[in-house]
Amino acid sequence: MEFSELIYTGRAQAELLRGGEAPRLRGTLCVTGHHLLLSPGPQSTPDLWLLLLRSVDSVEKRVAGDSGTITLRCKDLRVLQLDIEGVETTLDIARSIEALSSLESVITSFPFFYRPKGLRLGDAWHFHPPERYYKRVARETTAWRLSEVNQDFSLCPSYPRAVIVPRTVDDDALARCARFRQGGRFPVLSYHHAPTGTVLLRSSQPLAGPQKKRCAEDEELLAAVLACVPPGARGFIVDTRSAQAAKQARLTGGGTEAKAAYPGWRRLHRPLERGRPLQESFVRLVKACGDTEQSMDLWLSRLESCHWLAHVKEALTTACLAAQGMEREGACILVHGTEGTDNTLLVTSLAQLILDPLSRTMTGFQELVEREWIQAGHPFQLRCAHSAFSHTRPKHEAPTFLLFLDCVWQLSRQFPLSLEFGEGLLLTLFEHAYASPFGTFLCNSEKERCLCEVRTRTHSLWSALNQAKEQRKLRNPLYVLNPLTIWPSVEPQSLRLWQGMFLRWSRPPESSEVVWEKVWQIVAEGEKTEGAQPTTSA
Amino acid sequence: MEHIRTTKVEQVKLLDRFSTSNKSLTGTLYLTATHLLFIDSHQKETWILHHHIASVEKLALTTSGCPLVIQCKNFRTVHFIVPRERDCHDIYNSLLQLSKQAKYEDLYAFSYNPKQNDSERLQGWHLIDLAEEYKRMGVPNSHWQLSDANREYKICETYPKELYVPWIASKPIIVGSSKFRSKGRFPVLSYYHQDKKAAICRCSQPLSGFSARCLEDEHLLQAISKANPVNRYMYVVDTRPKLNAIANRAAGKGYENEDNYSNIRFQFVGIENIHVMRSSLQKLLEVNGTKGLSVNDFYSGLESSGWLRHIKAVMDAAIFLAKAIVLENASVLVHCSDGWDRTSQVCSLGSLLLDSYYRTIKGFMVLIEKDWISFGHKFSERCGHLDGDPKEASPVFTQFLECVWHLTEQFPQAFEFNEEFLLQIHEHIHSCQFGNFLGNCQKEREELKLKEKTHSLWPFLLDNEKKYLNPLYNSKSQKFTVLEPNTVSFNFKFWRNMYHQFDRTLHPRQSVFNIILNMNEQNKQLEEDIEDLESKIKQRKNKQTDDIIPKELLHSVHPESPPLKTSLCLKEQTLLPVSDALRTIEGSSPADNRYSDYAEEFSKSEPTVVSLEYGVARMTC
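One line per chain: the protein sequences are A and B, in this order.
Here this note's numbering is used: position 295 in the first sequence is 295, and no number is missing along the way.
Here this note's numbering is used: position 275 in the second sequence is 275, and no number is missing along the way.
Warning: the hint list may mix true and false statements.
Said to hold, decoys possible - Under the rule of at most 30 Å between Cα atoms (straight-line distance), these lysine-lysine pairs were calculated in the BS3-like manner:
no.	chain 1	residue 1	chain 2	residue 2
1	A	K528	B	K541
2	B	K312	B	K391
3	A	K528	B	K476
4	B	K100	B	K443
5	A	K518	B	K312
6	A	K528	B	K538
7	B	K161	B	K378
8	A	K518	B	K466
9	A	K528	B	K536
10	A	K528	B	K467
11	B	K524	A	K518
12	B	K524	A	K473
13	A	K528	B	K466
14	B	K312	A	K287
15	A	K518	B	K493
16	A	K287	B	K283
17	B	K493	A	K287
18	B	K196	B	K323
19	B	K493	A	K473
20	A	K469	B	K524
21	B	K196	B	K476
22	A	K518	B	K476
23	A	K473	A	K518
24	B	K362	A	K518
25	B	K467	A	K518
Keep in mind the hints are simulated off the structure, nothing from the lab.
Next up, chain B with everything else stripped away, as it sits in the complex (with noise of 0.2 Å):
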């Protein structure tokens, strides 16, 4: 509360961001404790979270006021001009204060509060459980047992306390390895292929350097080979480009020689590390924000950014994997630098390709927990949730889901959820409104007591997972057990529902999806409501003695059909889920367009001409 000075603005103008014509709406900027909220004169609300917001610029003074411009981390960026450098002023400092706090306590998970008791929090929590999910994949079993080793984090802080290894991997060969591997990130059991009897292994760089050698890492990754009784090789999956690998011998880092490990093949698949990342989707943004973007410089910014190159990197890694599971019954172990950014979203994406299981909503769930939070992929780092080092923030996690997100376009029918899921999630990476992503690791998230103070996501996206479903999800056909997706380039499109996800005006005008998901819906109704007339219908046979004439029946069943109709129209008007509203626009206004800048042109030779904002109201529907 100390930071807010002044808490409401009138007369704020919200600039539209890709109009030339600097076409913008009045309204009144509201700053809340938790919130930045802007109601226009239409009484449409924009609420931005302070802790979506990357960044907040003032801009130079206009004659029409101060110019503040927000950027979230949502890909929202809005464009406020205040009248009055004073107020602007103290809102830009204001949110400043607000979008970088210094401790976790500070953030909304910790003060959120959805009406909920402690059990049904608590049991939020406990929708998913990673032990069971292993029990799923059929570990512990003959070959793989749970390990105890790290149960008071003694021997890695950023892996959780339960971790599965080899039957054969005795207590001294973790502690050994884990000496060997930097910061103890030791090879551990990330995915069980129960056919095939192979594993996804992760683990992170061994410290090497030029010549040093661990017995305990060698016999380590012998007993992950002869944990698969089908092939005796296993691969080893450097993530990194080789030029990185080996800059990291020079400091005591390094990769796998091949001569040292018996029954290893080496494979390097070139991911870039996470600055590079930044910057690419740094660039990416920039292009995209740009005002009057040709399509020319669209594909030359695309193409400079790099961006799609690096998701078919991250995509090849994970096809790569999978084939060799199911190929060769190969087991693989994968790892980068510490194991944590590009280990993990190779090892889940290989995981989702392998298994349909992470391709329904829950699975999904339990992916993210498995192979991200709990084996500590550092998202209050990589979101920058809290003030800290921005070279540590990394969009990695938003890199899976556009790789998710490419796999769904590719196969439509093979995912349980929809696009808005995927958009969800994201939403919430940064909102810290719940307790899941908030932390670096599941020691961290034990001593701020998340579990008991903040509640979990999960249960709320399965309250309303029927805006997750995608409507043409298959679940049994069989060509869909294993995806092998195509990564030929022109398969990569750029994500404009992520990067975009507030500019209405370039989404499509009109969702098939909605319909469909609805005509489901709807489907789904009618074919129940036939079935319980059919059996009132049955019913009143039974009861009526068999000299009763048929047309009795219709009479009794007929007046019913009328209310029945009437009630199905108005459930097709309440089953479009609000927020999507917005996105549905149908016919839309030449206003939200560019072309429409050339109206001006159209009005320069007779100025009288200029009463057709009334028009835009009457076309947006």
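Okay, chain A solo, but in the shape it has when bound (with noise of 0.2 Å):
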């Protein structure tokens, strides 16, 4: 196996640091392909210390006398300390992990050999697709279609097979729409809000160009949109991007819609932020967040220099808006930046967590993970390749849906009771979503998986959280549905820095812990009591 050239020292004798109160390990220190293991000697603990080589975000060697010292830091924000006996044996090791852990080959990673015991390849991969979202809708409405017209992804090679169109619209239509629109990206369903029977629509950027090019089928399609919900409705276009950006675009064949090309429709301008600025503000907040010595004044100024905040309010804000157009003016909406697979999915999926119950639960949420950011086309593999510790320049890497989870976890602060899934739910997709032994993060796009043949050949994230064992850790204990639309404040003083992100690894365990532990147990206590009366009263 190509894995063994890599490797350049297999074995060392190791000591390991894991920060905060963990205790220290000793034992010998084995690379292998996808993993780095510590087993601890035979009169210590038992344990098999282990950890997934792509979950490494960057290697720092030092060497002094005859012994070395690695640490590593992960892309879950964790830092690792090796203490290595030989100076040689550590290089050697640094070099593997190095190379080990930034393997770009997708069918040689380790989801494809996980096979891990109580899950069968292939459960799962059914549960979430467009199919299961359109059966829904049906029930809701009949002026929506589904279409195959992507059956072979050449329309749009960062869609799903399948895409949500309105009923009067037809495959060539379609077809002609798409040429319009930077990577085939045609305005499709998102969500179709019952209510109110408004919808949720996402696309990319139309292809105007600099002589403000038109095409009749996709103004046609905009047209059939306003003609399937209530009359009089209108719709608005939220542009991503900042007026100034989008009219930009056109000078590289993008741009926006022209206001008299689209009767009925209007587009506001809510920029926000992507790609490389993005990235930088995640960097900037993980290093302040593992610096303990600063003074009080210098972490403040770092938390406001790094805008990440200011970065989940303006995605809440636009979120918001967007629901707010579709409940409370019966408004469509089309959400657009340039590619529509980062912002625009951002937007999307967080106003239907404020407008839709059914995707505050455990299943929904995972749907809507699965059916907004997984086949929506989020290049999960370029933007998550890196989290904040790496030192290669950035290229395509950008923390979009940790964004989104950290706005996800500011709407459970605020609706507490609301959402069935806890902070560990948001946890542990974000580490999935970096480094996985599950297929459901791999790959760019549909396309990209069907080719890698992820669904056949790996296991779900979805099956394995869903067993019994895992719900403790994922749930809301203290959920009860909320059919109400959940509006949450977005001014400064309601959003708060997400500490269990990114303080997870530097504070103690103990308060929020044994505070959920409580918390479970008070709920425990009351259905025992409660189940317990009609056996003492029979």
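Combine both chains into one complex, guided by the hints.
So, in structure tokens, the structure goes:
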């Protein structure tokens, strides 16, 4: 196997420091194709310590005397230190970890080898396809149809095979629309809001170019959308770029919808940061969170200057704007930016959480992530190639999905009873999006996943999460169905730094875990006593 | 009464403080002898106690009327628009008069009548007994004695009568030392740690100037260190920044010279003075009151106000105390300038870290009575109860409460009380509704005859104890005997529920806290019901002869279950504290939030779609 060529030294005596209050571990360190193992000597604990190499974000090595130290910074923001005997061994192992953690090939990655007990290959992959969501839409309205025009991914490589479009628009028209939108991402249904009968759509930018080209089919499609919903409804196009940036995009062949060409539709510009600035914001926040010695003033100024919470606020505000348009104005909303694979999905998925009680359930949320992020073509492999510690210059990395999780966490803080899942699920999704033994977040699109046969050759994260033993970690014990729209406050005083994420490894474990344990206990007691009632009376 | 010219104004608008679209509620404004009351068209009442008013401002006349902005000491800010300027002027003048009383006797506490008879009232005042508290700590004992030196407030006017001093400190030494200390506040016991036999003592700065000495003072300090049989050295903690302390030397005051005192270790901890704290809070409130505040402005404002830095400084000082006692068995003497602000903060917080009793509801009351009220924290001046020098006002006690709140956040299981309890206490240090916080020292309180003329706050809080219980409290855990908080910067957060307690749009829409509290209550109730039923079964079993089959038992008990269930459902509803219902709005409405202002953007193109306001009522349940 090719991995062996990259393993320069497979074995060494080492000591592991995991930070916090975790005890040091001594033992034999092994490098394998996918893992770093530490097997403690026979006298100490029998536990084997295991780290997926893929989750290593950066490797730092130092040598002094006849031993060396490797600092591993992981994608889940953990920092580990390995003290290794032997200078050459240290350097070899560091080199091996560096090489093995940055392999680009998908089909040799660990998910293709991982065969956990209790799970069956192919399980749960059928959980959340667009067809399933279409069934729900079809129950609510007949104005939309499931089109298989993208069956072979030729129209749009980043869309799934089936998409939901207005019934009155045929596949030929869709094909022409696709040619007018960047990456072929023509407007498709993201969410049907049954209470008002309005819809949320997403697409990429129109390819208007400097000549302000138009496309009759694209215009007809948006007109058809307005015809599907209650009469008199208007449409709003939420562009996630500034008006200036949208205009500038024309020079490179992109642009935005011309007012005159789309009667009934109005454009709103809500600039959201993306790409490198967003990644840098993440990096700076994580750096600030790693410094436990800094003064209060420095900490607050770093928290401010990294802008992370400002991004959270902007994302939530824009999602609320879209939700408000649908719920209170009875308007249809089309969201797009440039490619329509990042901030667009951020806005549409958050808007659904705010509006739709079903998406706040455990399965509903998993379905939302699958439908609005994975199947909708968020390029996870590119965006999550590196986390906050990488020394390499970011190319395509951006923590858009993490920003989404942070916004969901903010919602869960403001509506602690309305989400069926807890912080545990959000942290798990973050970890697995960056490095995972499961295939769920592999590749950048459905097309790539089909080519790599991800569905048949890897396990799905969802099937692992839905095992009974995982539930306590992931569920919110206090959940009660809230049928209302949940409008969050977006004032800076209402938004908090997500400590459970960014200070996860540096804060004492007790506070939050102990509290949740206690809450579970109280809830369980309640169930027990209530359950006990009939037995006593019987 | 003579100050009130207009008692009722109709068609007054109450603006939302944070809405940029000038949303408002219309209603009627009433002015009573004690309160300002606004009743909006939904019959929702907003009561503002005159004593809570920190400032009233009349802004320039607008087309819709005359704006009146009222800022309260409990961080409520209201913005009225009164249609007629004359009414506004009358209300403005009345409030100026009513919010600033010249005499203690005009404060609300002297007229507040909660339908209690005299013996009940007196009993309320006896609820907290400090002699009892010192006994609990284990004094007097072979090292510490009760001194009667200050029985008539002769040595120190701002100290209580009962003071605990080292056994070997004679009266001449005490008198001598008090002459060498600012305002006569000589070193006395604040907290005694029974296990470690170490003490927290407090005093004011020495009048040392550049070279003055006082043998009696040196003796007294020596006596304190000798009273600790385990460790002979003691720490002297000056809570001021070193520069301030040095500056004081020029005025004949200053700090202890290590060379003159045997066995002391001197330490500055650098907490700023009351003036810095006052302006820091002012800056914080200015930033937070900004409409359309951006995240960046919020954090840069939080930083430049320095508020959290000050909170951290107080906390660090308290931790220093606790560590000295727990790790080194050393006694500590704490002072600042006069020994009634920073010293109170640090001593009380230090004791709270060391002793889990102070983390109970009753214990916290005792702590406040001991280190704040009895030792002469000048509540009336610091809270501006009377019309006085605004430079004497300072949020020193508020900072103490905030430090405690930070501890409750770090140790969610260590406190018997919850955030609401802290907020209530804060409410009443300014309300002047109860006598506890009136006056500046015990002597003054006796002269005011507060115990005869006013009521004590504590029994009122205890009556509502359920509301203030922390459902996660774990009194048994050994882990929480001594708290060791982590003061790394990111553990300090802006206390939204204090500084925005009335801006409910900024609060979480649902409260985990209430739910858990209710569940806990319900669980207890259910368990009791089970016990009850079980004992009934037993009773029946005993009564019945053996040949009765259990089936019959089932029939006899069964009919009881349905009514039980319904009664439980009812309980669930009534358990929710009424005032908290305000803070738990499920769903809430987008109109409360700032992004709603884009609604205008929506409706610009088609002005016919405006009848949306009705949606608000539907969505706020």
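Now the hints, each set against the structure:
1. A:K528 with B:K541: holds, 25 Å
2. B:K312 with B:K391: The hint holds at about 24 Å.
3. A:K528 with B:K476: OK: K528 of chain A and K476 of chain B at ~23 Å, within 30 Å.
4. B:K100 with B:K443: holds, 23 Å
5. A:K518 with B:K312: Holds, because 29 Å separates the two Cα atoms, which is no more than 30 Å.
6. A:K528 with B:K538: Between K528 of chain A and K538 of chain B the Cα gap is close to 22 Å, so the pair holds against 30 Å.
7. B:K161 with B:K378: Distance of about 17 Å is within 30 Å: holds.
8. A:K518 with B:K466: holds, 19 Å
9. A:K528 with B:K536: holds, 21 Å
10. A:K528 with B:K467: holds, 25 Å
11. B:K524 with A:K518: Status holds; Cα separation ~15 Å.
12. B:K524 with A:K473: Between K524 of chain B and K473 of chain A the Cα gap is close to 26 Å, so the pair holds against 30 Å.
13. A:K528 with B:K466: holds, 23 Å
14. B:K312 with A:K287: Holds - the C-alpha atoms of K287 of chain A and K312 of chain B are around 22 Å apart, at most 30 Å.
15. A:K518 with B:K493: Given that 30 Å is the threshold and the Cα spacing comes to 24 Å, the pair holds.
16. A:K287 with B:K283: Roughly 28 Å separates the two Cα atoms, so the pair holds.
17. B:K493 with A:K287: holds, 19 Å
18. B:K196 with B:K323: The hint holds at about 12 Å.
19. B:K493 with A:K473: holds, 26 Å
20. A:K469 with B:K524: Holds - the C-alpha atoms of K524 of chain B and K469 of chain A are around 29 Å apart, at most 30 Å.
21. B:K196 with B:K476: It holds: about 21 Å lies between the C-alpha atoms, which stays within 30 Å.
22. A:K518 with B:K476: The hint holds at about 14 Å.
23. A:K473 with A:K518: holds, 13 Å
24. B:K362 with A:K518: holds, 24 Å
25. B:K467 with A:K518: Cα-Cα ~19 Å, so holds.
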